[in-house]
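Colleague: Can you build the whole structure from these sequences, using the hints too?
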Amino acid sequence: MTLFQLLMNPLISLNNVSKNYGVGLHATEVLHDIKLDIYEGEFVAIVGYSGSGKTTLISLIAGLITPTVGTVLYKDKIVCEPQPERALVFQNYSLLPWMTVWENISLAVDQVFSKWPKSRRHQHIRHYLEMVNLSNATQKRPSELSGGMRQRVALARALAMEPSVLLMDEPLGALDALTRGNLQDEISDIWCKNKKTVILITNDVDESILLADRVIPLSRGPKASLGPSIPVNLSRPRNRKTLNKHSDFKNLRKHIVNYLIDEGASQSKSSKRKNFTLPNILPENLNDPARYVFGKRQPKRSPKVNLKALEVEI
Amino acid sequence: MNEQIFYRCVGFLKKIRLGWITPFLFLLKGEDPRSQFKAIFNGLILPLVSILCFLWGWEICSKQIVTKFGTVPGPKQVWSAWKGLGNETRMERFKELEHYYRLREKRIKTISKYSNVLNEFPGEVPNALTSGEVTAAMVKSKELFDEAKELMEVYNRLSVAVSLDKASDSISNLSFQSNQDYAKTLMIRSIPSEFAYKKRDESFRNNSDFIVEPDDSPDTAATKLVNQKEESKSLASAKANLLISRQKSTTTSSKLALGIVTSLPNGMSKHLESFDAAAIDFYGPLNSWYQELLAKENSTGKKYPGKTKVKMLVKAFEGKTYVGKDTYMGQILTSLKTVFFGFFIASMIAIPLGLFCGLNSSINNAINPLIQIFKPVSPLAWLPIVMIVVGSLVVSDDPMFELSFLNSAITVALCSLWPTLVNTSLGVSTTDRDFINVARVLKLGWFKKITKIIIPAAMPLIFTGLRLSLGVGWMVLIAAEMLAQNPGLGKFVWDMFQNGSSETLSMIMVAVFTIGIIGFFLDTVMLSLQELVSFD
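Protein chains in written order, with this note's numbering: chain A, 1 to 314; chain B, 1 to 536.
A few of these clues could be false.
[Claimed, not checked] Label-pair ranges, simulated between beta-carbon atoms:
id, chain 1, residue 1, chain 2, residue 2, range
1, B, Lys448, A, Lys140, 41 to 51 Å
2, A, Glu144, B, Ile280, 53 to 63 Å
3, A, Ser114, B, Ile5, 36 to 46 Å
4, A, Gly24, B, Pro376, 33 to 43 Å
5, B, Met400, A, Ser114, 36 to 46 Å
6, A, Lys140, B, Leu48, 19 to 29 Å
7, B, Tyr7, A, Asp176, 21 to 31 Å
8, B, Ile16, A, Lys254, 57 to 67 Å
9, A, Asn258, B, Ile16, 28 to 38 Å
10, B, Leu46, A, Glu81, 56 to 66 Å
11, B, Lys63, A, Glu144, 53 to 63 Å
12, B, Asn360, A, His26, 24 to 34 Å
13, A, Val69, B, Ile5, 20 to 30 Å
14, B, Lys448, A, Ala27, 33 to 43 Å
[Unchecked claim] For lysine to any residue, the following SDA-like pairs were computed, each having C-alpha atoms within a straight-line distance of at most 20 Å:
id, chain 1, residue 1, chain 2, residue 2
15, B, Lys443, A, Phe113
16, B, Lys443, A, Arg121
17, B, Lys449, A, Pro84
18, A, Lys118, B, Lys448
19, A, Lys77, B, Arg440
20, A, Lys140, B, Val533
21, B, Lys448, A, Phe113
22, A, Lys115, B, Trp446
23, B, Lys449, A, Lys77
24, A, Lys140, B, Leu532
25, B, Lys76, B, Phe54
It should be emphasised that the hints constitute simulated quantities derived from the structure, not laboratory data. Here the structure is a predicted model, which means the values were calculated and not measured. Ideal Cβ placement from N, Cα and C applies to all residues, glycine included.
Modeller: The structure is reproduced here in structure tokens:
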């Protein structure tokens with residue numbers, strides 16, 4: 001934390017924020033007493049176990065949900081609804097499948113920059129598509145793209161809104177390791193170019209060290225709270241290959257991982273583990289050719305698992 | 001790229017129930033034939049085999065059951081009844097053509113008769129109306145037409161003919177310019193079977209072997225009765241065969257006749273067309289001239305000498321469209337119109353209402369009980385209410401739609417409303433949270449949120465609802481038409497049931513198949529639309 005930052009007000013601050021799901025006896029406190037200040041131009045990564053309430057935390061900051069206790073402030077004003085100024089890159093891309101890549105981004109750009117003339121908006125969209133190397137896939141639909149490309153579109157959509165804060169909710173969680181590495185480099189490059197305030201939620205410790213200025217671990221839920229902020233003072237641009245051998249990097253990683261493990265161990269000791277039985281469902285074999293019968297509809301995919309509900313229970 | 005398009009087409013074909021075509025495409029592409037033959041077997045051969053088994057079973061069973069209309073018709077009779085309906089349509093078309101020929105003749109006659117009046121006509125009389133070339137073409141084509149008509153009527157004359165000699169006479173008297181030999185052979189070939197049947201029928205009525213006399217002993221009477229039953233059964237099947245063969249000849253002759261009329265030599269048909277067009281153009285100025293004359297007469301009080309003649313001219317050139325009796329094709333069309341109109345009304349109500357229900361759980365809670373109560377109501381219960389209410393609401397003498405049409409369309413709408421309503425509401429209320437979150441982060445306005453996010457996301461379910469609705473509507477329509485006596489397939493079935501001829505059952509079966517096939521077709525169309533809008 002620099003002196004400069006101490007003198008100015010934080011861009012975002014969470015004051016003693018708690019969030020419960022459910023009411024009365026069934027209420028579960030997911031986040032407990034979260035204190036977090038984020039300053040302009042920072043790249044902050046929040047690392048935690050899956051199911052520890054990371055998505056809840058970023059939804060609070062985005063304004064998609066409101067805290068049970070405490071306040072979330074953005075530019076000294078209480079956050080009560082989402083705004084394009086705090087753009088969110090969703091965990092599962094959330095691209096609109098009936099629109100092409102271009103239409104997906106132009107939906108955001110047309111909304112945020114509705115006063116601009118059409119040509120300027122088009123140029124803007126083209127600029128951000130180029131930034132994420134998607135210039136030649138503009139007319140494709142999300143279903144025709146790979147996971148990495150879809151996340152690029154989502155990133156371009158968020159960036160094109162020119163937000164003052166970019167919130168990223170496990171953006172690379174669903175990607176394979178190689179694609180993930182490439183996208184990490186791209187995110188890093190883009191950030192170095194425009195130095196936006198970024199909050200990155202991740203479960204990958206390496207990723208957080210590679211990208212962020214400071215890393216904050218989130219303890220295991222329920223009743224998750226933030227651990228001490230750990231500054232990452234590695235020089236930029238950071239190279240993944242050389243970084244792996246860097247001693248500072250190794251120490252940082254050890255530090256964060258140890259914190260998470262210790263915290264996790266104490267949590268699981270203290271909290272009574274809830275046992276619940278999973279429903280006895282076998283996955284359907286959708287590729288079974290016997291199912292493609294003349295005149296018969298194909299079996300429906302099983303309904304999506306409600307991630308939030310699971311998060312509460314674990 | 002081509003590969004991609006190919007696989008997309010294959011996928012689409014599979015989804016719209018044309019999956020059985022795909023193995024042939026793969027074979028053309030040179031894929032492994034064994035697996036493709038297996039697919040052909042499963043997708044094409046098996047269904048065909050089952051259809052054939054069904055037809056065979058039908059044929060066997062139908063002979064066992066004797067109703068008051070004779071034996072239950074087998075596939076052959078039903079097919080010939082279908083052919084007969086086609087025949088009827090052709091006859092009707094023929095009558096329509098005849099109507100227009102008569103109209104033309106009348107026009108030519110009036111024009112030549114009152115040509116001296118036309119000299120005073122302020123405008124110009126179109127050339128095509130008076131040119132000798134056109135008139136010649138008209139005469140020639142009328143000749144052809146008459147000949148074709150005669151060809152078609154010969155069969156009727158045949159059944160009127162009492163003896164073989166007279167029938168052959170009437171055939172040998174025919175003089176056809178076209179297809180002479182063919183027509184004659186057709187007639188001659190069918191004569192023996194006609195007369196054989198007639199003879200047999202007569203002998204059945206008069207033969208003492210079959211007629212129980214008052215003084216017969218019980219044993220003789222019993223034998224006679226058994227004989228009578230046997231003979232009447234075999235006569236019935238002979239009659240069925242006769243009907244089929246008669247049908248065949250009539251079909252051929254009517255096809256032939258219509259062929260002659262519709263494929264006139266190019267020059268001739270061009271003349272006819274130009275004459276018709278000129279006649280339509282001519283009517284406007286002619287009529288205004290007549291009105292002018294009338295006005296002048298009124299204002300000056302002086303009588304114009306040629307007034308009645310002009311009036312005759314105007315009358316001759318009035319557009320008279322042909323009003324014929326409903327053909328089977330016409331009834332199918334009416335049914336389709338009705339179902340689409342009802343379906344349209346239903347969608348116009350159900351989609352917006354479903355949208356509001358899905359968006360707002362309070363509205364949904366409020367309306368849900370009503371939906372649940374009205375959903376299972378049978379069309380037969382709606383119809384009387386609709387008939388009374390619509391009947392009292394529509395009071396104008398010249399309504400835009402016929403009353404019976406409105407009755408059945410509204411009944412269809414009332415019954416097909418619910419699937420769309422329920423599915424739209426479900427689709428809207430189950431829009432993925434993530435899509436809603438996108439809308440929230442972007443701060444989309446209410447209207448934009450609905451048009452850009454919610455409706456597209458609900459589209460697949462909306463179309464599922466529409467598809468179900470159209471299916472329900474088509475099913476309801478037949479019942480509604482039967483009761484409301486709206487021209488259409490339902491009325492056709494009812495009329496056939498009422499008239500109780502020997503063809504009743506086969507006609508109804510034809511209607512059953514027509515209804516089924518059209519329903520299947522409508523469903524497939526909706527299915528392909530649904531596939532086009534779905535985004536997974």
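Colleague: Does each hint fit the structure? Answer for all of them.
Modeller: Cross-check of the supplied hints:
{"no.": "1", "hint": "B/Lys448 - A/Lys140: 41 to 51 Å", "result": "violated (23 Å)"}
{"no.": "2", "hint": "A/Glu144 - B/Ile280: 53 to 63 Å", "result": "holds (54 Å)"}
{"no.": "3", "hint": "A/Ser114 - B/Ile5: 36 to 46 Å", "result": "holds (37 Å)"}
{"no.": "4", "hint": "A/Gly24 - B/Pro376: 33 to 43 Å", "result": "holds (39 Å)"}
{"no.": "5", "hint": "B/Met400 - A/Ser114: 36 to 46 Å", "result": "holds (44 Å)"}
{"no.": "6", "hint": "A/Lys140 - B/Leu48: 19 to 29 Å", "result": "violated (41 Å)"}
{"no.": "7", "hint": "B/Tyr7 - A/Asp176: 21 to 31 Å", "result": "holds (25 Å)"}
{"no.": "8", "hint": "B/Ile16 - A/Lys254: 57 to 67 Å", "result": "holds (60 Å)"}
{"no.": "9", "hint": "A/Asn258 - B/Ile16: 28 to 38 Å", "result": "violated (59 Å)"}
{"no.": "10", "hint": "B/Leu46 - A/Glu81: 56 to 66 Å", "result": "holds (59 Å)"}
{"no.": "11", "hint": "B/Lys63 - A/Glu144: 53 to 63 Å", "result": "holds (59 Å)"}
{"no.": "12", "hint": "B/Asn360 - A/His26: 24 to 34 Å", "result": "holds (27 Å)"}
{"no.": "13", "hint": "A/Val69 - B/Ile5: 20 to 30 Å", "result": "violated (57 Å)"}
{"no.": "14", "hint": "B/Lys448 - A/Ala27: 33 to 43 Å", "result": "holds (36 Å)"}
{"no.": "15", "hint": "B/Lys443 - A/Phe113", "result": "holds (12 Å)"}
{"no.": "16", "hint": "B/Lys443 - A/Arg121", "result": "holds (18 Å)"}
{"no.": "17", "hint": "B/Lys449 - A/Pro84", "result": "holds (15 Å)"}
{"no.": "18", "hint": "A/Lys118 - B/Lys448", "result": "holds (18 Å)"}
{"no.": "19", "hint": "A/Lys77 - B/Arg440", "result": "holds (19 Å)"}
{"no.": "20", "hint": "A/Lys140 - B/Val533", "result": "holds (16 Å)"}
{"no.": "21", "hint": "B/Lys448 - A/Phe113", "result": "holds (15 Å)"}
{"no.": "22", "hint": "A/Lys115 - B/Trp446", "result": "holds (19 Å)"}
{"no.": "23", "hint": "B/Lys449 - A/Lys77", "result": "violated (26 Å)"}
{"no.": "24", "hint": "A/Lys140 - B/Leu532", "result": "holds (16 Å)"}
{"no.": "25", "hint": "B/Lys76 - B/Phe54", "result": "holds (13 Å)"}
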